[in-house]
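*Asks:* Given the coordinates of chain B, assemble chain L onto it according to the supplied hints.
Each chain, written out:
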Amino acid sequence: MSFRTPSSPLRSASGRLRLRTQLFVGSALLSSAILAVAAWVINHQVVRQARQQVQTEVETLLPLYDAIWIESAQQLATLGATMAGSPIVKTVFGDPRASRDRATLREMLSDFSQSASTAIDIFLITDGAGQVTFAETRGVPIELRELPAARGVAESQKQHRGFVILGDKLFQLVLTPLLLHSGSVDYHNTLAVLGAGAELDRKTAIEIKRRIHCDILFLVKDALYASSFAPADEAQATKTVISSDVRNSDPTHPTEIRLNGELYLAFTRELLSSDDERVGQVVILRSLAEAGQLFQAISNRLVLLWTLSIAAALLLSYLIANRITRPIDSLVAGVEEFGRGNYEFKVSTDAHGEIGALARSFDAMRRSLKQTQTALLRSERLATIGQMASSIVHDLRNPLATITTAAEMLARDGIAHERRQTLIESQLRASDRMNEMLRELLEFSLGSYKLNLGRHSLAGIVERAIRELKPGIGRAGVEVEAHVPKHFRVQADDERLRRVFENLLINAAQAMTDGGQITITADYFQESRDQVRVAVIDNGPGVPAEVRERVFEPFVSYGKSGGTGLGLAIAQRVVAAHGGEIGLKSSEASGSEFYLVLPLDPDEQGVET
Amino acid sequence: MKRRAAGILKPTPRRRRLTLLLGLIVGGGFLTAPFLTATVPRLVSVKGTVELVNSRIKTPGGRMDASGVVVWLKAVDGGARNGGRTHRTLTQRGKRFIPHVLPVEVGSEVDFPNEDPFFHNVFSIYEGRRFDLGLYASGETRPVTFNRPGISYIFCNIHPQMSAIVIALETPYVASTDQAGAFVFNGVPEGRYRMEVWHERATPEHLATLSRVLQVGPADVDLGSLRISEEGYIPQPHRNKHGEEYDSRGNRPAYRKP
Numbered sequence: 001m002s003f004r005t006p007s008s009p010l011r012s013a014s015g016r017l018r019l020r021t022q023l024f025v026g027s028a029l030l031s032s033a034i035l036a037v038a039a040w041v042i043n044h045q046v047v048r049q050a051r052q053q054v055q056t057e058v059e060t061l062l063p064l065y066d067a068i069w070i071e072s073a074q075q076l077a078t079l080g081a082t083m084a085g086s087p088i089v090k091t092v093f094g095d096p097r098a099s100r101d102r103a104t105l106r107e108m109l110s111d112f113s114q115s116a117s118t119a120i121d122i123f124l125i126t127d128g129a130g131q132v133t134f135a136e137t138r139g140v141p142i143e144l145r146e147l148p149a150a151r152g153v154a155e156s157q158k159q160h161r162g163f164v165i166l167g168d169k170l171f172q173l174v175l176t177p178l179l180l181h182s183g184s185v186d187y188h189n190t191l192a193v194l195g196a197g198a199e200l201d202r203k204t205a206i207e208i209k210r211r212i213h214c215d216i217l218f219l220v221k222d223a224l225y226a227s228s229f230a231p232a233d234e235a236q237a238t239k240t241v242i243s244s245d246v247r248n249s250d251p252t253h254p255t256e257i258r259l260n261g262e263l264y265l266a267f268t269r270e271l272l273s274s275d276d277e278r279v280g281q282v283v284i285l286r287s288l289a290e291a292g293q294l295f296q297a298i299s300n301r302l303v304l305l306w307t308l309s310i311a312a313a314l315l316l317s318y319l320i321a322n323r324i325t326r327p328i329d330s331l332v333a334g335v336e337e338f339g340r341g342n343y344e345f346k347v348s349t350d351a352h353g354e355i356g357a358l359a360r361s362f363d364a365m366r367r368s369l370k371q372t373q374t375a376l377l378r379s380e381r382l383a384t385i386g387q388m389a390s391s392i393v394h395d396l397r398n399p400l401a402t403i404t405t406a407a408e409m410l411a412r413d414g415i416a417h418e419r420r421q422t423l424i425e426s427q428l429r430a431s432d433r434m435n436e437m438l439r440e441l442l443e444f445s446l447g448s449y450k451l452n453l454g455r456h457s458l459a460g461i462v463e464r465a466i467r468e469l470k471p472g473i474g475r476a477g478v479e480v481e482a483h484v485p486k487h488f489r490v491q492a493d494d495e496r497l498r499r500v501f502e503n504l505l506i507n508a509a510q511a512m513t514d515g516g517q518i519t520i521t522a523d524y525f526q527e528s529r530d531q532v533r534v535a536v537i538d539n540g541p542g543v544p545a546e547v548r549e550r551v552f553e554p555f556v557s558y559g560k561s562g563g564t565g566l567g568l569a570i571a572q573r574v575v576a577a578h579g580g581e582i583g584l585k586s587s588e589a590s591g592s593e594f595y596l597v598l599p600l601d602p603d604e605q606g607v608e609t
Numbered sequence: 001m002k003r004r005a006a007g008i009l010k011p012t013p014r015r016r017r018l019t020l021l022l023g024l025i026v027g028g029g030f031l032t033a034p035f036l037t038a039t040v041p042r043l044v045s046v047k048g049t050v051e052l053v054n055s056r057i058k059t060p061g062g063r064m065d066a067s068g069v070v071v072w073l074k075a076v077d078g079g080a081r082n083g084g085r086t087h088r089t090l091t092q093r094g095k096r097f098i099p100h101v102l103p104v105e106v107g108s109e110v111d112f113p114n115e116d117p118f119f120h121n122v123f124s125i126y127e128g129r130r131f132d133l134g135l136y137a138s139g140e141t142r143p144v145t146f147n148r149p150g151i152s153y154i155f156c157n158i159h160p161q162m163s164a165i166v167i168a169l170e171t172p173y174v175a176s177t178d179q180a181g182a183f184v185f186n187g188v189p190e191g192r193y194r195m196e197v198w199h200e201r202a203t204p205e206h207l208a209t210l211s212r213v214l215q216v217g218p219a220d221v222d223l224g225s226l227r228i229s230e231e232g233y234i235p236q237p238h239r240n241k242h243g244e245e246y247d248s249r250g251n252r253p254a255y256r257k258p
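Chains as they are written, first to last, in my numbering: chain B, 1 to 609; chain L, 1 to 258.
Any given hint could turn out to be false.
List time: in silico EDC-like cross-link candidates among lysine to aspartate or glutamate, alpha-carbon distance up to 20 Å [stated by the list, open to error]:
{"id": "1", "chain 1": "B", "residue 1": "158", "chain 2": "B", "residue 2": "127"}
{"id": "2", "chain 1": "L", "residue 1": "95", "chain 2": "B", "residue 2": "127"}
{"id": "3", "chain 1": "L", "residue 1": "95", "chain 2": "B", "residue 2": "111"}
{"id": "4", "chain 1": "B", "residue 1": "370", "chain 2": "B", "residue 2": "354"}
{"id": "5", "chain 1": "L", "residue 1": "95", "chain 2": "L", "residue 2": "115"}
{"id": "6", "chain 1": "L", "residue 1": "47", "chain 2": "L", "residue 2": "231"}
{"id": "7", "chain 1": "L", "residue 1": "95", "chain 2": "B", "residue 2": "107"}
With beta-carbon atoms standing in for the labels, derived distance ranges [said to hold, decoys possible]:
{"id": "8", "chain 1": "B", "residue 1": "119", "chain 2": "L", "residue 2": "186", "range": "37 to 45 Å"}
{"id": "9", "chain 1": "B", "residue 1": "270", "chain 2": "L", "residue 2": "115", "range": "49 to 57 Å"}
{"id": "10", "chain 1": "B", "residue 1": "189", "chain 2": "L", "residue 2": "148", "range": "36 to 44 Å"}
{"id": "11", "chain 1": "L", "residue 1": "232", "chain 2": "B", "residue 2": "201", "range": "45 to 53 Å"}
{"id": "12", "chain 1": "B", "residue 1": "201", "chain 2": "L", "residue 2": "115", "range": "52 to 60 Å"}
{"id": "13", "chain 1": "B", "residue 1": "240", "chain 2": "L", "residue 2": "93", "range": "53 to 61 Å"}
{"id": "14", "chain 1": "B", "residue 1": "115", "chain 2": "L", "residue 2": "232", "range": "47 to 55 Å"}
These are calculated hints, taken from the structure and not from any lab test.
In this text the structure is predicted, and so the values were computed from the model without any measurement.
Backbone N, C-alpha and C define an ideal beta-carbon position, used for all residues, glycine too.
So that you can see chain B by itself, here it is in the shape it has in the complex:
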């Protein structure tokens, strides 16, 4: 009544761990995945948002940037107009000596410069033909002969504004014609052209940066002129900008560029002369560092969140393990114990939910089975006792009847000597038979077998069994043929093993009431050379179907009369005691095959003799 539990994946420690690990890894992976997706989405969104924001800023910034130059040009133009309209200037220029006196001009211009709202880095004066008569930057004369643009100003008699390189410096310059009223209202003579300008130096770049929050690079002829960068970063920034395609980018579509490890949106504006010729370029760089910092802050929070969720997953899987795997483990242990035939092992039923219900119903089943088992065992035992008793009674009655009848006949007078002899012999046979039956009964009831082991030839044991039985079975018309190779040797109690074979032979012979053939063969069992399989094959009527399953149970007999029904039961125990196995392979109308599997003597196995 034992059944085996197939090895379950929950059985091993690693299997149990695996479930917990699975729960943990699963929830950790899930939360990581969710957070990773969230981080990606946020990053994407933040970067997009930041870029959008900067883009919008840049769009609003461009007019602001342009306004800076317009404003400074306006200031220069206002100053120019003030000077051109000033009676002082007209007085000076009206005098041929004073208008050529450098000190007087310088003093006059410095007066205007002081009152101007913007710093004037360059003053210059040309005549109507563009010949420079005075040029100073911050009070220092510069070498300048001709300014072609001034000729245009003199001719058009209008202010011109634009960027210009004078000497080796870059200026924003406004040229103003100084007109002398002539007799006619409509006609003026151009006395001179006044130029006032501001240099595009580092200070200018920093001032623009202050106003539009962008770094500025002034480039002249593909080389740095000035910038708002720290002097240490300036050269590298210039190099990067010049080697990039920033300078060809559309101002409304800034290019992304990495400078000194920082990300920028960059675009370029031209610096044009009054004739709309390119004098230089301004690269405007908007840092994306703020967006980067924002993302950094968010990702820091995400990492924290991730850590927390991993911790939560750990806790959760621990709780799940407690709530699910532990009751399952207990249930599994219960099932395993149950499988081993232990009906006493009580499964813990304090779990909640489905697992608890399962454990409770399993426990109910266990209790019910235990009761059934107990009842079954009792009734089986009673049945066995009854069967045994009736079998013993029946088996003993026949020889007893023989003895009684023979004794009655012997008691009569006048019995012939031969007749008397026959009766006495039959009495002796009957008592032998009873003796044998009692011995078997005793042997079975003792239950234990003390084997008297020795090394024996399997063939020898089989031959002795055949020789012992030959007279009896020969009479019944049964022939025995043994094909047992002589090299099979076994560690065995030869007497008991011989009796097993005798039992098998007797069973076979008794089954074949009309005579027949018994064949004994032996060979290695399943190719392994450490076991031998011996088959006892007859061509009798076979074992009746209803007892086939039970032939090795005690007091089960078939096809013969006068047996205790213990022969095969004893044989099974003896073989088992030898570490072997006995079984009924097949039983049909054409015959039966009993087999024995016995371990070979380890010293002799595989040795051909």
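*Replies:* Relative to the frame of chain B, chain L by itself:
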């Protein structure tokens, strides 16, 4: 001349009566002169201090700059009026006229040397002597003779911050104050004098009230402290020699703070 003087000394009814009285005295004097001139008039010194009050201009040290106040004594009897022609100098240096206030006797010649490295154009179109010296270069000088009494406001046509005042007076007894406000006349003949005061930042009405006749001699005279109030003084921008504003836009101050 009367018109100019009226600008400074407004005639009042009291003053007219005083003039009449003085006329009588002067007439009497002429009659008695042959007898009086027998003795040489004694020369004395007259000193005093000017104190400026209600001023809105302070020097950097917090002390009042009381310089440039002109005090003169004019003999009531009209005698001793000719101290002789003098030669004075009003220098242009560092875009300033030095001194800022120059009192001279009528008929004096004043030189205007240009000691700046650049051109100047000295002119006067206000009251007093009207002249325009034109643009002249560094190291050059131009003279102007002030042969009429009156106050001449002098400017530079290309440096609006420059200004000077030349006061031409018909008396040799002229003093101007130092920074502390002290003034002194030396060698003033004994006699009766009308003392008059002129200050750039005081109204003519106020200055007229300070005028008085005083007896000089026989001992030295200490006039004590003269309090001049600057109340009511409003600085007026000046125009250039063409009568235009210096800056056509009018956004430049006419005067630079010194």
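*Asks:* Please name the hints from earlier in the document that this structure breaks, with their numbers sorted from lowest to highest.
*Replies:* 2, 4, 6, 8, 12, 14
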